[in-house]
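Student: Here is how the chains run, residue by residue.
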Amino acid sequence: MEWLNTILQGVLLGGLYAMFAAGLSLIFGVMRLVNIAHGDLIVLAAYVALVTVQALGVNPLVSLIIVVPVMALIGYVMQRGLLNRTLGDDLLPPLLVTFGLSVIIQNGLLEIFSADSVKLNAGTVEIASLPVGGGLAVGVLPLIQFALAVAVIAGLQWLFYRTALGRAFRATSDDQSVAQLMGLNNAHVFGLAMALSLAIVAIAGVLLAVRSNFDPAIGPARLIFGFEAVIIGGLGSMWGTLAGGIILGVAQAIGAKIDPGWNLLAGHIAFLLVLAIRPQGLFPKVQG
Amino acid sequence: MPDRLLEVRALDAHYGDFQALFGATMGVNEGEVVAVIGANGAGKSTLLKSIAGAMRSRRDAIRFAGEPIGDCPAHEVVARGIALVPEGRRLFPSLTVEENLMIGGQLGRPGPWNLRRVYELFPVLAERRHQIAPSLSGGQQQMVAIARALMSNPKLLLCDEISLGLAPIVIRDIYARIPAIVAEGLSLVIVEQDIVQALKTAKHVYCLQEGRVALEGEAGSLTREKISAAYFGV
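Chains as they are written, first to last, in this note's numbering: chain A, 1 to 288; chain B, 1001 to 1234.
It is worth saying that the hints were derived from the structure and are not from the lab.
Cβ coordinates follow ideal geometry from the N, Cα and C atoms, glycine included.
Do not rely on the hints blindly, as some may be mistaken.
To be verified - Per label pair, the in silico range of CB-to-CB distance: (1) A:L110 - B:E1076: 40 to 50 Å; (2) B:G1185 - A:L56: 28 to 38 Å; (3) B:A1126 - A:R32: 32 to 42 Å; (4) A:S177 - B:A1229: 49 to 59 Å; (5) A:L110 - B:A1010: 52 to 62 Å; (6) B:A1010 - A:T86: 26 to 36 Å; (7) A:L96 - B:G1016: 47 to 57 Å; (8) A:D90 - B:D1017: 12 to 22 Å; (9) B:G1233 - A:S177: 47 to 57 Å; (10) A:T86 - B:D1017: 16 to 26 Å; (11) B:A1039 - A:R32: 34 to 44 Å.
Just chain B, same shape as in the assembly:
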């Protein structure tokens, strides 16, 4: 098997005495969209945080483009080409939309994304570029969060619950832009509670349950019964 873009092997993660991940294993191929689903507290966000370097792990537990990055600090992981759209958007509240985007782009990694391109992807942001981030609607803020991550020209984009707290029509609107992002050669890991949306978007699905990978497979091959068994552990 050729080297995959991202390879997570036997990853453990802890918050103090609490263990959130038990030997999680997953992988992402070049240009692939992978969904991670699971109930609240299953360890989905922890998995993304570990990949993004916000939580340190064993050095060889995470390999990106063939190199071990498990113990890299977050700012080095971004420089290598992994960007995170954090849960709850986490925009910089005192910065304008455009300043938020420029923080995302400040490493200057070469690639297709720049201010002009992300404004083409999300035209509404161009109109709001000089407003401070909290003055935008939730959906627009989510667009800023995605655009900010894209500005670093990542090879792998990690999206943590981008539908959280948004109206269904807004969620559809945001998910409608995903193909355009993938078309630029990015790989995606999408963490979702909305299983239908996840199965529609992703090629490969991992289901986490209490810190373990309970199920994985091609999105088309998973039946509703299998998923609910893995999701709820019944």
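Looking at chain A on its own, in the form it has when it is part of the complex:
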């Protein structure tokens, strides 16, 4: 029963990792850009939430109403003003520029907010739990997080396959130059993709900030978790990304259960195993 509990907690944590991963996978899928600053943008979103909560005195979950559009706007401007200029046949320039962004965001946050770790307080919902039978109980907050993650993934899936914007994303991903010949303005499409990615980052950032302490330096580790979830799940599949996040979360939970020091190690080992046995990921995009 204790093991069941461990797995359950791992699954719920996996939802958060899937959200770290979804934005990363979206950007790579649409424009072949590996966003090294992704983790730091998650932390930035957490700090935007912190400022919002302090200024307005609202619950962190309510602050999403402000944090999501703010991050989306930052994403659009960052893409149009900076990252679009780095895109081309060479994958290296965007990699280097987002690496630079990562350094800038970390140090900017350090300058403004200091290195002290902080946390957002979501009130009583943090300690509420639901009994699920057999003496097990799940926290309401992790459950909300997981539900949000599933909703985000389902929403992305719907957007990709049922809307004009999603069609434009997929067409641009297939063939950028022909997409342009069909009247799609790639610069704008990429801007929208980054805006969407950072909207998801905003949700992930707020959930992270409610779940645990954060400080300006924790971004890169979130990036790694996101990467691992994407690779485990297989590039280009949204539900695969969710599965990847869950596998990573469960592996970490089991590792921590065996020995508290093995928490991260177990996640990395699961990642390496998948990479060794199925390098294309567990649920790769089906190519026509």
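With chain A held as given, fit chain B onto it using these hints.
Tutor: Chain B in isolation, oriented as in the chain A frame:
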């Protein structure tokens, strides 16, 4: 002379240090079918790419409906009413037939073409609408490429080697639909290696040779000797 629909004047085009077009000049009148012929590497595709905005040129080198468009990006050129059927079809491989068509129509330019009309033009596509593009035969894919371009309701349709890699019977089938397209008031520029097909379809013919217009004239007025001289440069 009244303003022509498309006017290309002294157009140069380069790929890096290589110059592909040298002062190319051509024009298309409203409702006219124009063919551009020439050997491999003569600059036919480059000419179409320049018109479609996939390659930038001097601003006044290309005028469409009286306005200079030489330096417009491709997505603005489409919005003005020029659509390209690219060489090799270039469908979006992960999209279904219908999704490919809807990408073509996403600008919402008003005009006669919509999903229903292009399915009437190419009935076989209606049966395959939910299949992904690569699962179709070459001829059907070419139909999708033409229909996708039509979906943007262009005034001028540029067709780059629509017979490439297709069986003669399929080529005839596709060319048989051209009159129905022209009947909707479109003008066409057809780039072809198949000279017979080009002369049969077009009213006016330009022959390119090593980036220059070597010959032009009414399709009926050109003799085989003149064409082969312009084609091969002998």
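Student: Could you run down the list of hints and mark each one as holding or not?
Tutor: Results for each hint:
| no. | hint | in the structure |
| --- | --- | --- |
| 1 | A:L110 - B:E1076: 40 to 50 Å | holds (44 Å) |
| 2 | B:G1185 - A:L56: 28 to 38 Å | violated (58 Å) |
| 3 | B:A1126 - A:R32: 32 to 42 Å | holds (34 Å) |
| 4 | A:S177 - B:A1229: 49 to 59 Å | violated (35 Å) |
| 5 | A:L110 - B:A1010: 52 to 62 Å | holds (58 Å) |
| 6 | B:A1010 - A:T86: 26 to 36 Å | holds (35 Å) |
| 7 | A:L96 - B:G1016: 47 to 57 Å | violated (25 Å) |
| 8 | A:D90 - B:D1017: 12 to 22 Å | holds (20 Å) |
| 9 | B:G1233 - A:S177: 47 to 57 Å | violated (31 Å) |
| 10 | A:T86 - B:D1017: 16 to 26 Å | holds (25 Å) |
| 11 | B:A1039 - A:R32: 34 to 44 Å | holds (36 Å) |
When each numbered hint is compared with the structure, violations occur for hints 2, 4, 7, 9.
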